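Colleague: Given only the sequences and the hints, what does the whole structure look like? Please build it.
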Amino acid sequence: MSVDAATVRRIAQLARIAVTEAEVPHLQGELNAMLAFVEQLSEVNVDGVEPMTSVTPMEMKKRTDVVNDGEIPDDIVRNAPETQNHFFLVPKVVE
Amino acid sequence: MTDLTSMTIAEAKAGLAKKSFTSLELTDAHLAAIEAARVLNAFILETPDQARDMARAVDAKIAKGEGGPLAGIPLGIKDLFATKDVRTTACSKILGNFVPPYESTVTSQLWRDGAVMLGKLNNDEFAMGSSNETSCFGPVVNPWRREGSNTTLVPGGSSGGSASAVAALLCMGATATDTGGSIRQPAAFTATVGVKPTYGRCSRWGIVAFASSLDQAGPIARTTRDAAILMRSMAGHDPKDTTSVDRAVPDYEAAIGKSVKGMKIGIPKEYRLDGMPAEIEKLWSEGAAWLKAAGAELVDVSLPHTKYALPAYYIVAPAEASSNLARYDGVRYGLRVPGRSIGELYENTRAEGFGDEVRRRVMIGTYVLSAGYYDAYYLRAQKVRTLIKKDFEDCFAKGISAILTPATPSAAFGVGEKGGADPVEMYLNDIFTVTVNMAGLPGIAVPAGTDAQGLPLGLQLIGRPFDEETLFSLGEVVEQAAGRFTPQRWW
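Protein chains in written order, with my numbering: chain A, 1 to 95; chain B, 96 to 586.
Some hints here could point you the wrong way.
Here are the simulated distance ranges between beta carbons [said to hold, decoys possible]:
| id | chain 1 | residue 1 | chain 2 | residue 2 | range |
| --- | --- | --- | --- | --- | --- |
| 1 | B | P399 | A | A6 | 26 to 32 Å |
| 2 | A | I72 | B | E130 | 34 to 40 Å |
| 3 | A | E59 | B | Y468 | 28 to 34 Å |
These are computed hints drawn from the structure, not numbers from a lab.
It should be emphasised that the depicted structure is a prediction, and the values quoted were computed from it without experimental measurement.
Each residue gets a CB set at the ideal place from its N, CA and C atoms; glycine is no exception.
Modeller: What follows is the structure, given as structure tokens:
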């Protein structure tokens, strides 16, 4: 399988990465090189094989459903580009 | 002060215990070495004040007889590990001047045991790379050069800063991470020892995530014994990482020097590649002969799905990365590039903040997870991963203690030499190491010789799950037989 220019633009949009028209052909070439490389997996017989979900056999650990951390809003917003009263600021979403 | 930087961790521990020198003297010697080696670009942040404070505090503890297992030992920390109040960027522009309000579990354990932090080490952006050329701080320089040449060589990646700093005597050991070979390949390129522990052995908490089902932290050091000493402090259960294993941490150093007599060592035929340099082939046979001479038994084994590990990796790792890196959106931390809408803010921030390699992987990961392609790519790759793991299980079920392979298909190459036209050319560097991550197994790279141009080459040993001790015993045999390799100082 290979991707065309429209698919490259669609992937960029899904990945939320702005891509200029000039960059599309180059990206298309790179993505197709990667897809050509992984194409060899289609020759493996995977009938009846379980997909891996955990590389080490272990039971999912659970903890009690209680608050065990918090009350650190200063720490939480300390690295944010724009904040106000412990809120993250973003461009207006709802008119 | 040269003597203080050329010691091993084991020797420095003995010297500190005998009060031959203080941790402050040891730390100062390393800070001076770092300053004199800035041309290597191994450290991207030097923390001399903090280092001296930590050294003074630990000297006071040592005086009272309270020093821990790493008391006074100066280390470098890969910039993927969150360090409290010290800038942590994963060498990406998108993290900008991120200063974590918390400490990663692995580094907190090193400080608990008395180690001293010298600074943060360069790596490929988000650990995506095999040459340390994708870092937003620029490439790291390998202290090794080809005989009679001034060509700048890469130290490998992604833990290139860690490997270069340890090889150039800038720190006594370093933390590193390995998702597809990022500890073992740079170790092989710099004649250092690198250990990728079993998945779950070290906590991933506080380490910038790349591909969560593959990422593991481990040490890079100058000897197998030093790597074992560091491993004991880095490993251990952490309730904050649900994939961390609740299992006692053995005294890995006790495995150094243990007999390997009677151990069955697998030699996998699938690792003998067409067109493999004769030097690598020779190194591999020599390694096998050394283990045999130490009493181990060599057994030909087969790992039939080996060739599919790298393509499967280039589906699984980017898929997980595309999900993990979704958090970098310009809202909560790091870089923000304004836009007219929030969507545009995300897109502009991520376009400006991610380098080419990261963008490529996030996009391919997004594609293989997208509707209509998930089954053909991601699900199939996870099934192939099951088969790769089964290859190893079948092998170990036949009584094989460990598997011996070359660590890399070549020695270090020049900056800008690989991956320019086709990204896959660079990916092939990890062909011998990536299987280990796909199967969650432990692996160690040990220096074993040099090529015709005098560049270091390494051997890899792959072990059973949670049997790092056997790898340390076998690694020590290789180290004793091969000797140690030190670069000529030119910087």
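Colleague: Could you run down the list of hints and mark each one as holding or not?
Modeller: Against the structure, the hints come out as follows:
no. : hint                          : result
1   : P399/B with A6/A: 26 to 32 Å  : 39 Å, violated
2   : I72/A with E130/B: 34 to 40 Å : 36 Å, holds
3   : E59/A with Y468/B: 28 to 34 Å : 31 Å, holds
Figure legend: structure checked against the earlier numbered hints; the only hint not met is number 1.
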